[in-house]
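Dock chain R against the given chain P, drawing on the hints supplied.
As a plain string of letters, each chain reads:
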Amino acid sequence: MALALGCGQQQETETTAEITVTGGNKSNLGFEKLSEYGLFTGVLAELNPADGVIPYDLNTPLFTDYAHKKRFVKVPEGEQVKYTVNDALEFPVGTILIKNFYYPNDFGKPEQGERIMETRLLIHKEHGWEALPYIWNDEQTDATLEIAGGTKKVSWVHYDGNMKTLDYSIPNKNQCKGCHVRGAEMTPIGPKARNLNGKYTYTDGEMNQLLKWQELGILSGLPDLANVDKMPVWDDAHADLYKRGRAYLDVNCAHCHRSDGPGNTSGLFLTYEEADNAKLGYFKAPVAAGRGSGGLMHDLVPGKPDSSILYYRMNSTDPGIMMPELGRKTNHDEGLMLMQAWIAALAEKQ
Amino acid sequence: MKNFLPLLAVLCIAVVSCNTEPNWQDIEKQLQEQLILVEDGGTVKIPAGHYKFTGSLSLEGKKNITIKGAGMQETILNFKGQTDGAEGLTISDCENVVIEGFSVQDTKGDGIKSRKVNGIVFRDVTTEWTDGPKTTNGAYGFYPVMCENVLLEKCVANGASDAGIYVGQSKHIIVRNCTAKYNVAGIEIENCLYADVYENDAFKNTGGVLVFDMPGLSQSGGYVNVYNNKIYNNNLRNFAPEGNIVGTVPPGTGVMIVATSHVAIYENDIEDNRTMGAGIVSYASSGKTWDDTTFNPYSKAVYIHDNNFDRGFGLADMSNDLGKLVSVYFGFNVPDIIYDGTIDPDVLDANGNVLEEKRICIRNNGNATFANVDFPNQFQNIDEDITKYDCSHPAIEKANPQLTKLN
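So the sequences go chain by chain: P and R. Residue numbering for the first sequence follows our numbering, starting at 1 and increasing by one per position. Residue numbering for the second sequence follows our numbering, starting at 1 and increasing by one per position.
One or more hints might be untrue.
What follows is a set of in silico ranges between Cβ atoms, one per label pair, in the way DEER data are often shown [to be verified]:
hint : chain 1 : residue 1 : chain 2 : residue 2 : range
1    : R       : THR293    : P       : MET207    : 40 to 50 Å
2    : P       : GLY38     : R       : GLU39     : 23 to 33 Å
3    : R       : GLN219    : P       : HIS127    : 23 to 33 Å
4    : R       : GLN378    : P       : GLY128    : 53 to 63 Å
5    : R       : CYS391    : P       : ALA275    : 38 to 48 Å
6    : P       : GLY78     : R       : LYS154    : 54 to 64 Å
7    : R       : GLY287    : P       : LYS33     : 56 to 66 Å
8    : P       : THR330    : R       : ASP374    : 51 to 61 Å
Examples of chain P residues toward chain R, derived with CB under 8 Å [what the hints assert, rightly or not]:
hint : residue
9    : ASN174
10   : GLY221
11   : ALA285
12   : GLY290
13   : SER293
14   : LEU296
15   : PRO324
16   : LEU326
Calculated from the structure, these hints are not laboratory results. Glycine included, C-beta positions come from ideal geometry on N, C-alpha and C.
Chain P on its own, in the form it takes in the complex:
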């Protein structure tokens, strides 16, 4: 006698589900392989810039799980970048911004080689900026376009001599816009005049980057350098502590936490230019932090980092609590020390 009582729950198929979608294929986004762009000459992993590809650095960079960065820009021949006072410089259509993320195998010994994890391209197309994430293969011969991002395990010997291992996350294409956006438009974040305003050691000698770009004929409208704002290097002990803290917050937070950024729902605005302490979070109640508030009452309490939600969230690696929300998985110990000192010193500044 067959049992009529079948186990309904066991009817699921063993095969991988096929998501069906109307429209949608990987056409026309970009080259499949990084090498196809011709941005580097010789061995790709050596990142030797081709003609017209200019290396650059930032006074205060974004923290990305201790990954080191090699940044380049390619401005189309005959075109120029326009100087702007506060936000990213105005790059012409056709510009490619290139950001390579790598880990030296031993942070204390550069001669031990390195591993490149990903290269992020920001390409200024006719319709606006387009972000394309490329993941490097283990052989380090090339990188492949992966719009859904990915994860790769990486290990390195850290500054303190200890081995660290990390499941490094490469963002997906949508997540790029999670930070690289103003209003509804994609935008570069790093190359702002005040963050470029510093020296770089080129193959032909050291020079201020803005002056160099002007000399190369790719930057227009640069005022007298004395009148150009300069963001401090965040870990320069000789620089002004208040400005260092503001620089760190601007670079790590303000792409979202600004009035036209994705974090504007919070009412907490952390741009370098923000002058209103209420918007900077002084005694501000959290809006939708959930357990991100850590039981604390205010975003920022001058003099008291341990009472400040801002510090609490930067000091967390729980995905439901941590800030920034994307782009890191580990804490930035040195950055946190700066934030402690910065918040503590705010009591005096009042």
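Here is chain R on its own, set in the frame of chain P:
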């Protein structure tokens, strides 16, 4: 008779062995790729099944998109192993999106967040935390924020540590035929303009339906209709993480209006909420301060009418100061409607009375009892005279979200 016993044994075993783990599959990369590649006007279909995710999914910058599962019981997206991002699904900078037919479980942060979307429908979708109501659960189940033309219908929100269904800083919203249970706030409308909340079930939350205005945000709210809902048995302990404003809601709250004006609460069944059926308070009663000079902390032009209030018998919940206060003064006879007594000095006429169009009006609620607890004077002149509030307001304009893509 003898022959039935072995058969019975086999039947029992068959039934018991049906409760095995579902077959969890990984479609994360595929699904995210499709969400990136789908063209305007397209549909992403997720078949029936159980799927595990390690990171947030996102849809961004698209128009006229449908994301459709096989049903909230059939297509299950589980984020218990989430290591990247806080939300389950985020939708941003889109137009005309329909989210339909699946469940989002156990996200580290909010379940589904839609930000800056014009035209969004959530239908037959569940957000839930499968381990019950916990402080470590994400804050919001459904989280449309800075959106316009929003419809949530036939959805279920379960276990959120702030609000199950939360709509913030948005315009033209309908929440209808939804179920909100085991959340701190069942349904919360915050800093929204033109919202209709109707025919929902809000039960076993800390507070059933909240209408709040908070300072320092992109817009202030008002013009909210809450009607034909069943708001009952909202006596759950407040499990919100400390510091959140929703943590001030006392267990046993049916409906609470904070700092919002032009609100109508009518034709609801408000039953078995032990501390207050309906509460009308100003932001100052929360104990929080604010710096926003444009913010008005008072609730005005509130009209509570034609509701069925039935509290049942028993003390208010005492885990919260308001509950303790209410118990001290009222014992077992906790009033159905509580007003904190704060008055906006800017809306008084020459005689010191509140302008008619700004009054709090309470009418036709059967035998509902009332108290003005006189918060501004430290509860010295508690006044239970409900007739002082016997007035009415014209109907509030319906929310009327414009939604072109309804299927």
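Self-check item: Hints violated by the structure (listed by number, smallest first)
Solution: 10 and 15
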